[in-house]
Each structure stands twice: as C-alpha cells, then as structure tokens.
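Peer 1: Given only the sequences and the hints, what does the whole structure look like? Please build it.
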Amino acid sequence: MSNLLNLTVPQIVTGIKNMDFSAEEYVSQVLAKIRKVDLEINAYITLNERALEAAASIDKRIRMGENVGSLAGVSVGIKDNICTKGLKTTCASKMLEDYVPPYDATVVERLKNNDAILIGKLNLDEFAMGSTTEYSVFGPTHNPWNIEYVAGGSSGGSAASVAALECAVSLGSDTGGSIRCPASFCSVVGLKPTYGRVSRFGLVSYANSLEQIGPIGKNVSDVVMVMNAIAGSDEKDHTTGPLGAEPKYSLKSGQNLRVGLIKKVTEEADPDVSKCIYDAMELFANSGCKCEEISLASSLQYALSSYYTIAMAEASSNLSRYDNVRYGFDMSPDGYEWNTYFMKVRSNFGEEVKRRIIVGSYVLSSAYYGKYYLKAQKVRSMLIEEFKLLFKKFDVLVSPTMPILPFKIGEKISDPLKIYQIDVNTVVANLTGMPAISVPAGFSNGLPIGLQLMADILQEQKLFDAAALFEEKLHPPAGSLK
Amino acid sequence: MSNAIKIGLEIHCQLTGLQSKLFCSCSADYRGKLPNENICPICYGLPGTLPLLNQKAVEFAGMISIALDCLIPAQTMFYRKNYFYLDLPKNFQLTQYDTYGKSSIGSGGKLYYGSKTIRIRRVQLEEDPGRLIYEEGNTQANLYTLIDYNRSGVALVEIVTEPDFEDPKDARTFLNKIGSIVEHLGVCDTKLEGAIRCDANISIDEGKRVEIKNVGSFRELERALSYEITRQKSMSLRSIEIKGETRHWDDSRKVTKKSRTKEEEQDYRYLPEADIPTVIFEREFLLSLKAKMPELPYDRKTRFISSYQLSEQVAQVLIDKKELADFFESAIKVYSSAKEIANWIVNDLMWHMDDAGDGRSLFANLKIEPNHIAKLAKMVDQNIISRNTAKTILSQIIRTGEDPSNVAEKNKVSKIDDKIVISTAIERVFDSEKTAVDDAKMNPNATNYLLGKVMQLTGGRADPGIASQLIKKRLNQSE
Numbered sequence: 001m002s003n004l005l006n007l008t009v010p011q012i013v014t015g016i017k018n019m020d021f022s023a024e025e026y027v028s029q030v031l032a033k034i035r036k037v038d039l040e041i042n043a044y045i046t047l048n049e050r051a052l053e054a055a056a057s058i059d060k061r062i063r064m065g066e067n068v069g070s071l072a073g074v075s076v077g078i079k080d081n082i083c084t085k086g087l088k089t090t091c092a093s094k095m096l097e098d099y100v101p102p103y104d105a106t107v108v109e110r111l112k113n114n115d116a117i118l119i120g121k122l123n124l125d126e127f128a129m130g131s132t133t134e135y136s137v138f139g140p141t142h143n144p145w146n147i148e149y150v151a152g153g154s155s156g157g158s159a160a161s162v163a164a165l166e167c168a169v170s171l172g173s174d175t176g177g178s179i180r181c182p183a184s185f186c187s188v189v190g191l192k193p194t195y196g197r198v199s200r201f202g203l204v205s206y207a208n209s210l211e212q213i214g215p216i217g218k219n220v221s222d223v224v225m226v227m228n229a230i231a232g233s234d235e236k237d238h239t240t241g242p243l244g245a246e247p248k249y250s251l252k253s254g255q256n257l258r259v260g261l262i263k264k265v266t267e268e269a270d271p272d273v274s275k276c277i278y279d280a281m282e283l284f285a286n287s288g289c290k291c292e293e294i295s296l297a298s299s300l301q302y303a304l305s306s307y308y309t310i311a312m313a314e315a316s317s318n319l320s321r322y323d324n325v326r327y328g329f330d331m332s333p334d335g336y337e338w339n340t341y342f343m344k345v346r347s348n349f350g351e352e353v354k355r356r357i358i359v360g361s362y363v364l365s366s367a368y369y370g371k372y373y374l375k376a377q378k379v380r381s382m383l384i385e386e387f388k389l390l391f392k393k394f395d396v397l398v399s400p401t402m403p404i405l406p407f408k409i410g411e412k413i414s415d416p417l418k419i420y421q422i423d424v425n426t427v428v429a430n431l432t433g434m435p436a437i438s439v440p441a442g443f444s445n446g447l448p449i450g451l452q453l454m455a456d457i458l459q460e461q462k463l464f465d466a467a468a469l470f471e472e473k474l475h476p477p478a479g480s481l482k
Numbered sequence: 483m484s485n486a487i488k489i490g491l492e493i494h495c496q497l498t499g500l501q502s503k504l505f506c507s508c509s510a511d512y513r514g515k516l517p518n519e520n521i522c523p524i525c526y527g528l529p530g531t532l533p534l535l536n537q538k539a540v541e542f543a544g545m546i547s548i549a550l551d552c553l554i555p556a557q558t559m560f561y562r563k564n565y566f567y568l569d570l571p572k573n574f575q576l577t578q579y580d581t582y583g584k585s586s587i588g589s590g591g592k593l594y595y596g597s598k599t600i601r602i603r604r605v606q607l608e609e610d611p612g613r614l615i616y617e618e619g620n621t622q623a624n625l626y627t628l629i630d631y632n633r634s635g636v637a638l639v640e641i642v643t644e645p646d647f648e649d650p651k652d653a654r655t656f657l658n659k660i661g662s663i664v665e666h667l668g669v670c671d672t673k674l675e676g677a678i679r680c681d682a683n684i685s686i687d688e689g690k691r692v693e694i695k696n697v698g699s700f701r702e703l704e705r706a707l708s709y710e711i712t713r714q715k716s717m718s719l720r721s722i723e724i725k726g727e728t729r730h731w732d733d734s735r736k737v738t739k740k741s742r743t744k745e746e747e748q749d750y751r752y753l754p755e756a757d758i759p760t761v762i763f764e765r766e767f768l769l770s771l772k773a774k775m776p777e778l779p780y781d782r783k784t785r786f787i788s789s790y791q792l793s794e795q796v797a798q799v800l801i802d803k804k805e806l807a808d809f810f811e812s813a814i815k816v817y818s819s820a821k822e823i824a825n826w827i828v829n830d831l832m833w834h835m836d837d838a839g840d841g842r843s844l845f846a847n848l849k850i851e852p853n854h855i856a857k858l859a860k861m862v863d864q865n866i867i868s869r870n871t872a873k874t875i876l877s878q879i880i881r882t883g884e885d886p887s888n889v890a891e892k893n894k895v896s897k898i899d900d901k902i903v904i905s906t907a908i909e910r911v912f913d914s915e916k917t918a919v920d921d922a923k924m925n926p927n928a929t930n931y932l933l934g935k936v937m938q939l940t941g942g943r944a945d946p947g948i949a950s951q952l953i954k955k956r957l958n959q960s961e
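For the record, the sequence lines run as chains A and B.
Residues 1 to 482 in this note's numbering are what the first sequence lists, from first letter to last.
Residues 483 to 961 in this note's numbering are what the second sequence lists, from first letter to last.
Any given hint could be a false lead.
Said to hold, decoys possible - Here are the simulated lysine-lysine pairs, DSS-like style, with alpha carbons at most 30 Å apart:
hint : chain 1 : residue 1 : chain 2 : residue 2
1    : B       : K715      : B       : K740
2    : B       : K584      : A       : K388
3    : B       : K584      : A       : K371
4    : B       : K849      : B       : K673
5    : A       : K344      : B       : K563
6    : A       : K375      : B       : K563
7    : B       : K563      : A       : K354
8    : A       : K388      : A       : K290
9    : B       : K563      : A       : K94
Hint data in this document are derived by calculation from the structure and do not stem from the laboratory.
Peer 2: Shown next, in the form of structure tokens:
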C-alpha cells in the first residue's frame, strides 16, 4: 500500500469513494503514524478507539452504493477544548482530567455528518491560555520540524498533528492567535474565521467575545473543505446568526487583489521573518496584485494590552464554574465547608490559568472596571473603525503571523510577558472579529515562517483567494520530517 | 428627630407563564419533579454550553415594564453577576445591570395607588438559581447539603422600587398590586410556591440602609419591616450606630437577625455577556406588545365601576386580587345582580379568607364556586331565604362546596314569613317560658331572649323581623 498520509483532503475523499483504497486502510496508516511519532510530538491527549470502526462503516456504505459526505473517511483531530460526546474533553487541565461530555459540539456534529473520522483529541495550553502549548497538564507539544522547539499555541496539538501527518486536518480554537500561531510555527495553514461564522456551541469558553473555532490543514484547499462543512449559523449559538446566506467557499486563485502590508509590525519583526514577508509582498506584486505599504495611525499599539485585559476578564468569569461540584476530578468534599472546598479544588488550576483568573478578577472589580476593562473596549471599538476603513481600500492586509521564529521549549516560560508579546500581530483579528489566515511563507534555519492575511468581516473567500494565489506562486519546499 | 422612614422593595416574579426556562428549553415548571430531573447541559452549566435567550421572556418583561409605566430602551443586554455559590451552576448569574450604562428592560417607572406614587427604579430579567436543601431544620446541624438544579435558569423578573414607602402596610398593599398586575398579564401565577418573593431595604433618618431577606410572605414582610423600625428607632434612641447590613427574618422568633454572610461587601465583578447578542427593541415590536397587552387591574376597575356601578372601594378590593375579580365576573354570568354579588364577595366571602400574602390562593381551603354566590344572592333577592340564613349557608358551603339551594332544602331553612306559623311558635314559647315572659313585660331588653327561643324552635327559619313584631304584640295582649 502506498503512503496515503500526504494526500490532500479532496484526494482522500476521491480515493475512498472510488475504492482506490479503503477508509479503513487509510485510517490504519494514520493510527500507525501516530503510534510511531506521537511519543515525541505529544500532539494527542486521547485517541478515539472507535476510529477504525467508523472508517469500516463508511467503506461498507460505499460498497452498498450509498451516498457519503463531503469529508468521507478524512481523518480529523479535534482540539481538546471542543466537546466530543463520549470522548474525554480535558482542556489539558487537572480540573477536567476525567470529564466526558454528554454532547457533541456543533462543529463535531457537522464533521461527523460529513463522514469525517474523528481520530482523537489534541493537546493545548490549559484552557487554551498560552502561545506555546507548554502549559498543558499532559506536557508540551513538540514542533515536528525540530522537536526541541515549541509548536506554538494554544492549538499546538492541532498544528503539530497536521504537520506530522498524524491527521489530515484538525480543528483548533483561536482567541488571540491560537490557531495562526502554531500554524505559523509548524508550517501549516490555519484559519481564524469571522466571529460568529462558526458555531462555538461545545467550545469550552476561555474568552467568549474573542474566540472562534477554525480549521488547520496542510494547504488552503483542505481548509476550505473543512470550512464548508463546519461554517454557518447554528440555533445553539445565537452569536452565529443571522449572517446572510450560508457560506459556500471555493478554491480559486485571486486576481488583481488589493494587498496592503502593515509596515510597522513587519519592520519590527525578526529580520529573517521580516525579509520573508517582504519577499511575499513582491510575489503578490509580481502576480498582478496592487500592493501598498501602510502605516496605521493607530490604536494598534494598544491592541495587545486591550486584548489581554478583555481576555483575562472573560476568563475569570468563564472559569468560575470549575468548582468540582457537578463534574471534575476525584476529590471528596467530605469534611470541608463549601467555601474551603472551592478554594482547595481551584488551587488545581495551572499557574498561567491562575494568573489570568487573578488579573481578570482585578480588572473587573468595580473600582477598576472603568480604568481597565472599559478602556480596553474603547480601543477595541477604535480598532474596528480603523480596520473597516482600511478594508474599503484593500482586499487583504498582510503581516507576519508571528514576529519571531519558533523558540526552544522552556526558553521563555519563566517570563509570561515575553510570551504575551508574541501575539502582537494576531490579536487584532480577534478584537475586530475579522477573519485571518496564516499560510506557510518559508523557513529560516529550518524553522517555519508564516504569513498572515486578514480580511473584512465575512470575507473569508478573499482570504482563500489570496492564500491560494500565494500558495500556488510560492511552492513552498516540501520540508522533510523526521 | 423626625424619624423619617424609607422603605424600598425588590420583588422577584417567576415567569411561570413561559413554557421553558430563560436560556434553554427545559420546562419552566420545575415543581413536583424528582431532584435534578429538569436540567440540561445549559442550565446545569456544563462546559461549552451557551445561553439561548427566550424571546417570550423578553416580551413578558416588556409587558411588565409597560404596565409599570417604565421607559424601555432602544436596546438591552445582559451581564454576568459573578459570585461563588453552590446553587449557581456557572458560579455567575445572568442578569441585567445599569451601572455601566442602562441595560434593564424597564426603568424609571411608577405605580400610583390612592394618593401615593411609588417610583419603579428598574425592571430586569434574570435567571433563578437552583435550590439548596437542608434535611435538618437547623442549617448548622447538617453534615451535608443537597442541591436540586431543577429551578436553575427559570426566568425571573426583578422589580426594584425607589425607597418611597414610609409604612410597612403600604409595602404590603403595593405587593398585592404588583401580584395582581402580573396575574392579569398572565406572566406569573403568584399562587405557586415561591413564584413571587420579596426583599426589602429600610433606613431611618437618612441612616444606613438595612437589607431584609428571607421573608416568606407579604404578611411576614410587613411584620419584619415593623420589627426593623422598632429595632432601629430604639437603637438610635440609645445612640447606637445602625450598621448597613443584611438581616434575615427569623420566621419562628419574629425577629431580624444579622446574616453571617458578608453579602454587602461582595464585589460582583459585573461583566457584559457576549454570548447573548444585544436585543434591539424595534418600535413596531413595542407597539405590537402594547396592542396585545391583556386588561390591566386599573382598567378593569374602571370597567367595573362604569359597567356594574360598583363603588370605587368595592371595585378596588376586587381587582387587587385577580382571582377575586375573576370570581366576581364568573358569578355575574350566572346571576346579573352585580352590586349584590360584589357585596357578598367583599363583605362576606372575604371574611372567610386568609390573605397571608404568601402566594397561596385565597380559595385554597374553600370549596365555594362562583355560581354558589350567584344563587345565594338570587335567593336573598327573591326573599326565599333571609340574609342571615344566607350567611349561615355561606359558612357551610365554603367548606363543603354544596349547592346552596340543596343546603336550604335539606335544612328546610327556607325563610318562614307566615305569621300563623310564627305565632304558633310564639304561643308555645309563652307557655313554657312564663318567668321570661314576666321579665320581658318589665324589661323590654329581655324580649330578645324570647325571640331567641322562637328562632330556636323554628330552626332559625322564622323571619326575625316578623317574629319580633309578633312577640311585642303578644306581650301587649297579655298585659
């Protein structure tokens, strides 16, 4: 049997439907790959023991001549903060180490309805709080390009698993860059959709006004395929609609796109990263795009502090429910007065989560609400106005996804502020609700660099057009994996 | 010292008229179910769930706001009130909050009664928490706490008044009016246990505000407020400082006690709820809401006065309790003498009712039906029975639910106005009660004794007026 792991999603679906190979054979290869590499990568927290069974049933339906879904047999990994019925959803936290949800998140339900095969649950920073996947109670995820390096985060497992061919595509969640950062660090494509474009029902909330579920894939076409399956309004999430007609995205290279380069953040990036992004701009220009460098006025300098203020405030509230009364981990309440019990239980959060809960509680306290939270919301409104204007002039805005190259595991963990700072380019899309995608743009010393494209609200198609054009022109080197 | 008293109320009305809870499709009717049977991932606060705002609840809260003359903003939103408590599955309560900008569905309203105006600060929507159950009456004696989340997420409307009351009695009257309004709107069945609850705050002479909680009924609230006035006045007489604190009403000892929890010191870290999109109130929506508002108590009173010629007072008493007004209107369908029936209800029937203001139906222990009162009034009007007899029958049928004409027949209580029958009875009494007859000749007041004997002999059926006349006549004859 040939190696099926490098196939694109359309190739997998066609292959299985045409019975060139069976879903069972394909999924077996995926599971074998996981067995082979995941001890080192640590992308998976839990494997779905029924994956082969599900694959076999798709094969059976195809043999019977039945119709199968648009993702028939495609192996999908799910970030472990997205609920899967009957399959542990831990959020990489002690607090939920044995939690098994009684329902599927809408995105999981939609993937299943399209006959995708759920391979397992992927590693993340505890409750998606982090940019390196080092804050996981199950240990860090390693970068497949160099296992001494971080995979990025918080959807580190989602990006690393796709890069290491441990699944065809995956779902991550992006609150301040959590899909795009690891996509950039692992040289895969990751999309943060428009806020409200994909249902959050079943996504364990970290900062609910900022986060979105989105796909990660080896290429733009795979991401488009997954988006067509999961996007659209959902009656279980009132922030999803009504947003107009249900989306149907296509893969076509953009023509005559108007591309704006955000100058300041590109210049301030690591020199290798910066050069790579300028090269990308040239590539766009050479492909008939109308390119322009732009300097923002700008509220951009406050974006990062605004983001962390809002995210932590929301986190402090969203994480209140973990008190081990209704679900959680094994710890008897015998002999405790309930307040003492809550305190004891909640000391089991990791350091980063505790830090954000404490800061978040502080900024929401009545004495400081105006000083921090309200101010952060003002910055947010200004950013929205500013970017709305920009998108009258441009189809997409370009910048480095991450200002730096991937770094070694443990290198920055002692300085949380340094880790916060690497989110500087990604948080804007979350604050404005606008869609953004990270696509592989090159390497420096064997470490990946990602290009970020951002578009106006609901303009995912423009992102796909630009990303597909870039992908086509660039032909990034097919990096060799261990 | 003027001893100016300021009382404000915080009323919680469950929207029992809804099919489902405020943010999920679980039944709004949680009563009588097995513990933790009426829950789903949303109201149980499971990770990953999102609140789905019940549009009907917004309509109901809008109707209450309109009825209380509130301003309704162009848009409204929800806030999270963050605090840890076992009955809150998410450890925050979804509610509305006005400090960071108006978010309540209604604000700045008023309700008139008599010559008084009570200002309504706000009307807001929020979710009810679950319930903690202690098996031992004394909370301290329990080794464990049971939690039932069946009630968790049920829609509440909170109505907050300005501190415009001076008299605990007025507070109770006002609460009855609010109860009647929500009953008339069909949004809350106040007769259900816990469907309408009230906390109060009270201050004297611009002093510190004391919150009173845990009050089981409107009657108890009146008592708690009266107790608190006495307590605070006697403290200030002794120059003891009154602390701004929360006090719980001890129903058995009839005193308020300082709560152990430091509620007043809590910072609730209010946070706008991003999961519920801002609700926009279109002009058309508000107009259609106004158009479909049921008749309110005030309008019903006007109609009672103009259509049935009831006095202002009688009409007021009837509409203050929707079930009384409904009872009245059902009865006059059977017999159309509205004034007579209204008087029967207000003067006689109500005397048998116990209005504790704990939400229980006024008819809870009574079996009487509207047609009974109608028939009774008719029998009196037609001189079939005397008014006194009717009262006796009333006190019987309210317990038994029997038809009044059957009772009259069974007890042969149809009024005796036949002078010959009555005279025969008088002759028998005069024969057997010679001493009393002699007394009565000397002292007219002793006549009553003879009348009593005659009534006894006729089983109370003799027309007392006729009998009394005949006795006097007979006394004069025998002189």
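Peer 1: Decide, hint by hint, whether the structure agrees.
Peer 2: Going through the hints against the structure:
| no. | hint | verdict |
| --- | --- | --- |
| 1 | B:K715 to B:K740 | holds, 17 Å |
| 2 | B:K584 to A:K388 | holds, 27 Å |
| 3 | B:K584 to A:K371 | holds, 19 Å |
| 4 | B:K849 to B:K673 | holds, 16 Å |
| 5 | A:K344 to B:K563 | holds, 23 Å |
| 6 | A:K375 to B:K563 | holds, 20 Å |
| 7 | B:K563 to A:K354 | holds, 20 Å |
| 8 | A:K388 to A:K290 | holds, 19 Å |
| 9 | B:K563 to A:K94 | holds, 26 Å |
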